[in-house]
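Protein chains in written order, with this note's numbering: chain D, 1 to 378; chain Z, 1 to 311.
It is worth saying that the hints were derived from the structure and are not from the lab. None of the values given here were measured: they were computed from a predicted structure. Just so you know, even glycine gets a beta-carbon here, dropped at the ideal spot from N, CA and C. The reader is advised that the hints may include incorrect statements.
What the hints assert, rightly or not - In silico lysine to aspartate or glutamate, EDC-like type, Cα no more than 16 angstroms apart, as pairs:
hint	chain 1	residue 1	chain 2	residue 2
1	D	78	D	95
2	D	375	Z	74
3	Z	223	Z	266
4	Z	225	Z	267
5	D	2	Z	107
6	D	78	D	55
7	Z	225	Z	200
8	Z	247	Z	266
9	Z	111	Z	96
10	Z	223	Z	267
11	D	375	Z	72
12	D	2	Z	74
As the list claims (entries may be wrong) - Computed footprint of chain Z on chain D; a stretch qualifies when at least three of its residues, placed anywhere within it, have a C-beta under 8 angstroms from a C-beta of chain Z:
hint	stretch
13	13 to 27
14	203 to 213
15	216 to 226
16	369 to 377
Stated by the list, open to error - Label-pair ranges, simulated between beta-carbon atoms:
hint	chain 1	residue 1	chain 2	residue 2	range
17	D	237	Z	165	36 to 42 angstroms
18	D	292	Z	107	31 to 37 angstroms
19	Z	168	D	303	51 to 57 angstroms
20	D	321	Z	210	53 to 59 angstroms
21	D	240	Z	25	50 to 56 angstroms
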Amino acid sequence: MKLRRVRAVVVKEGLQIWRDRRSLIIALLMPFMQMLLLGYGVNLDIKHVAVCTFDRENSQTSQSLLKHFQASSYFAVKHVLDSYKSVTTALDRGDCVITIVIPPDFSERLRDSGQSSIQAILDATDDNTAAVATGYAQSVVSGFSDEVQLQFSGIGGASVAAAAPLSLEARVWYNEDLDSRNFIIPGVVAVVMALVGSQLTSLTISREWERGTMELLVSTPITSMELMIGKLLPYFAIGMLDATFCLGIAVWWFGVPFRGSLATLTLVTVLFLIVVLSIGYLVSVTIRTQLGASQIALILTMLPTMMLSGYTFPIDQMPDFIRPVTYLVYSRYYLTALKSIFLKGSGVVDLWFPILIMLLYAAAVGTWAARAFRKSLD
Amino acid sequence: MSESAIEVAGLTKSFGSVTAVDHLSFSVDRGEIFGLVGPDGAGKTTTVRMIAGVMRPDAGTIMVDGVDVVTDPEAVKPRVSYMPQRFGLYEDLTVDENIRFYAEIFEIPRKLRIERAERLLAASNMLQFRQRLAGQLSGGMKQKLGLTCALIHAPRAVLLDEPTTGVDPVSRRDFWRILFGLRADGVTILISTAYLDEAERCSRLALLNEGRVLHCDTPASLKAKMPGAMLAVISPSMRDARDLVAKLPGVENVLLVGDGIHIHVDDAARRIPELTAALNAAGIVFEPVRQVIPSVEDLFVSLTEREEKAA
Ligand SMILES: Nc1ncnc2c1ncn2[C@@H]1O[C@H](COP(=O)(O)OP(=O)(O)OP(=O)(O)O)[C@@H](O)[C@H]1O
Ligand SMILES: [Mg+2]
Numbered sequence: 001m002k003l004r005r006v007r008a009v010v011v012k013e014g015l016q017i018w019r020d021r022r023s024l025i026i027a028l029l030m031p032f033m034q035m036l037l038l039g040y041g042v043n044l045d046i047k048h049v050a051v052c053t054f055d056r057e058n059s060q061t062s063q064s065l066l067k068h069f070q071a072s073s074y075f076a077v078k079h080v081l082d083s084y085k086s087v088t089t090a091l092d093r094g095d096c097v098i099t100i101v102i103p104p105d106f107s108e109r110l111r112d113s114g115q116s117s118i119q120a121i122l123d124a125t126d127d128n129t130a131a132v133a134t135g136y137a138q139s140v141v142s143g144f145s146d147e148v149q150l151q152f153s154g155i156g157g158a159s160v161a162a163a164a165p166l167s168l169e170a171r172v173w174y175n176e177d178l179d180s181r182n183f184i185i186p187g188v189v190a191v192v193m194a195l196v197g198s199q200l201t202s203l204t205i206s207r208e209w210e211r212g213t214m215e216l217l218v219s220t221p222i223t224s225m226e227l228m229i230g231k232l233l234p235y236f237a238i239g240m241l242d243a244t245f246c247l248g249i250a251v252w253w254f255g256v257p258f259r260g261s262l263a264t265l266t267l268v269t270v271l272f273l274i275v276v277l278s279i280g281y282l283v284s285v286t287i288r289t290q291l292g293a294s295q296i297a298l299i300l301t302m303l304p305t306m307m308l309s310g311y312t313f314p315i316d317q318m319p320d321f322i323r324p325v326t327y328l329v330y331s332r333y334y335l336t337a338l339k340s341i342f343l344k345g346s347g348v349v350d351l352w353f354p355i356l357i358m359l360l361y362a363a364a365v366g367t368w369a370a371r372a373f374r375k376s377l378d
Numbered sequence: 001m002s003e004s005a006i007e008v009a010g011l012t013k014s015f016g017s018v019t020a021v022d023h024l025s026f027s028v029d030r031g032e033i034f035g036l037v038g039p040d041g042a043g044k045t046t047t048v049r050m051i052a053g054v055m056r057p058d059a060g061t062i063m064v065d066g067v068d069v070v071t072d073p074e075a076v077k078p079r080v081s082y083m084p085q086r087f088g089l090y091e092d093l094t095v096d097e098n099i100r101f102y103a104e105i106f107e108i109p110r111k112l113r114i115e116r117a118e119r120l121l122a123a124s125n126m127l128q129f130r131q132r133l134a135g136q137l138s139g140g141m142k143q144k145l146g147l148t149c150a151l152i153h154a155p156r157a158v159l160l161d162e163p164t165t166g167v168d169p170v171s172r173r174d175f176w177r178i179l180f181g182l183r184a185d186g187v188t189i190l191i192s193t194a195y196l197d198e199a200e201r202c203s204r205l206a207l208l209n210e211g212r213v214l215h216c217d218t219p220a221s222l223k224a225k226m227p228g229a230m231l232a233v234i235s236p237s238m239r240d241a242r243d244l245v246a247k248l249p250g251v252e253n254v255l256l257v258g259d260g261i262h263i264h265v266d267d268a269a270r271r272i273p274e275l276t277a278a279l280n281a282a283g284i285v286f287e288p289v290r291q292v293i294p295s296v297e298d299l300f301v302s303l304t305e306r307e308e309k310a311a
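Could you build all of it, start to finish, from the sequences and the hints given here?
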């Protein structure tokens with residue numbers, strides 16, 4: 001590989017990016033808008049989930065638990081019910097999405113065995129809301145007690161699988177104020193970075209095909225690797241700027257606490273960026289029209305990041321046959337790493353696994369993209 | 001090192017059911033300007049692309065400067081320059097930036113690049129446009145810039161695909177002057193063209209039709225195979241004119257072109273008055289008969305007709 005040729009491509013691509021001022025501005029503004037859009041969009045969705053309560057015990061403990069639901073801004077307590085019949089009616093009428101039922105022996109069992117359970121009855125017509133509501137209910141419940149583990153079990157048609165208490169604990173432990181925005185925003189950063197990163201590079205090769213400049217380029221001695229690195233570097237710079245914006249908005253606008261080190265954050269962000277830029281580049285190499293490339297890149301990055309990274313649906317609540325698939329979703333690792341760095345202050349050592357996976361991913365996709373580029377018109 | 005600069009044998013390339021290049025063979029000597037001449041779709045572009053190593057042939061061999069292009073296309077790329085039919089430079093980069101980019105890709109030392117760019121731009125009267133975006137150049141200037149970029153690494157051979165199509169006469173002259181200069185320096189030039197007047201400036205020509213070489217010879221010998229002259233008559237009633245003219249003595253064949261007819265005659269001086277008289281007598285409206293340079297189509301028609309007659 002000749003550094004001189006890489007530099008030539010960097011300069012050329014950089015000049016083109018600079019002269020295409022409109023695209024450059026979009027590339028720099030897009031993360032702003034998406035962060036705000038998704039950041040607020042998500043918050044609107046999940047705040048004030050309608051909840052009904054049915055306290056069959058009416059003890060001090062049970063009332064105190066229900067107060068937690070009242071206090072949480074993620075729930076709006078709509079009705080206090082007094083029979084299963086009214087529970088059914090409330091759910092049927094759509095008065096609430098979830099009903100919390102406290103059994104008559106709630107505090108008794110808690111006292112005797114140190115364990116107890118409450119029931120959550122869900123309206124599962126909207127899977128997404130139900131999943132989110134369950135997640136919140138779990139958080140509220142585990143937030144309720146530091147020393148006693150609570151479990152809930154479902155009844156009726158809609159049931160809640162007994163959640164692994166440890167994962168519950170973890171959620172609340174590092175997010176004492178139960179502000180789910182702190183969980184959501186790092187996810188938004190990952191989504192926006194996946195989108196922006198892959199879009200940045202998805203056009204770079206197809207543009208050369210469409211404008212007819214590729215025919216001349218492939219007649220020169222430039223190698224596929226030189227071309228790829230030369231083209232990725234300027235976009236990497238823009239991507240890092242975008243990442244800075246996104247993370248800055250997360251901290252200063254949405255007020256997500258940042259407990260980790262900047263070095264660790266930079267490392268995982270660089271790795272993730274390399275992965276998404278390479279995916280965009282790979283698409284660009286494979287699809288020769290700009291429109292096609294941009295759309296395929298969107299599908300390849302947004303879809304898995306939105307659906308399978310744990311951003312929208314908690315991974316532990318996914319069906320068994322889908323969960324293994326999430327291990328293939330690169331955004332999952334960035335999401336995990338971001339949350340840990342932000343909320344737990346995890347360092348490189350704690351995050352060795354996601355870092356390793358992203359490293360392997362970057363190497364694999366990069367190599368694949370370099371190989372996929374054929375210096376030929378056939 | 002006495003072998004040909006470019007040696008093509010049995011070259012074949014199909015796209016689906018279309019055989020674009022069909023068992024093509026020819027060889028180009030060192031330092032000659034070799035013309036590939038043929039009508040649209042004859043397979044010129046496909047041939048040049050395969051020689052440049054940017055397209056793989058289905059069959060056949062290509063040797064450029066002793067390098068086997070088919071087995072090792074990358075080895076040929078530092079030695080030759082290819083100028084595609086469609087403008088291949090970056091329209092959003094300036095003249096200088098384009099030149100610099102290609103010089104860097106070919107690893108030309110800075111000093112050498114500055115010196116060569118100066119000389120090449122001066123030769124094509126482009127010095128005052130160095131800071132202009134390539135997209136804002138005229139068609140002729142674009143092609144001259146293309147040639148400048150192609151020559152910045154002083155290649156042993158240059159492959160030019162219809163470089164002067166749609167180029168103004170002044171730029172065309174600049175272009176050919178540079179090509180003659182290159183030939184004087186011993187650079188091999190393979191050029192495809194659809195213009196016969198340009199073809200005449202080549203040292204040798206291969207006439208291509210439907211992917212095959214019809215003739216491969218010097219322009220003089222090819223023209224000798226088409227004696228006589230080409231006359232043009234512009235007329236609104238060109239079909240009537242054709243039917244009338246075709247029966248006259250000394251007319252080899254008549255071809256409808258655009259707004260009139262091309263008439264291949266044995267002797268221009270003798271036939272122009274005869275034709276004029278005949279057309280007037282028939283009451284056909286027409287502009288004065290003039291002699292024109294035969295087009296590639298004319299040459300093809302007359303050569304293929306002669307072959308048919310001979311067969
Ligand atoms: N990439 C391709 N895919 C499919 N068919 C092609 C391709 N390139 C060329 N052809 C076909 O092969 C034949 C030869 O085309 P080619 O471009 O080589 O001719 P040409 O002599 O350069 O013509 P022109 O004067 O129009 O440039 C044509 O029939 C063309 O349609
Ligand atoms: Mg062509």
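Which numbered hints does this structure break?
Violated hints: none; all satisfied.
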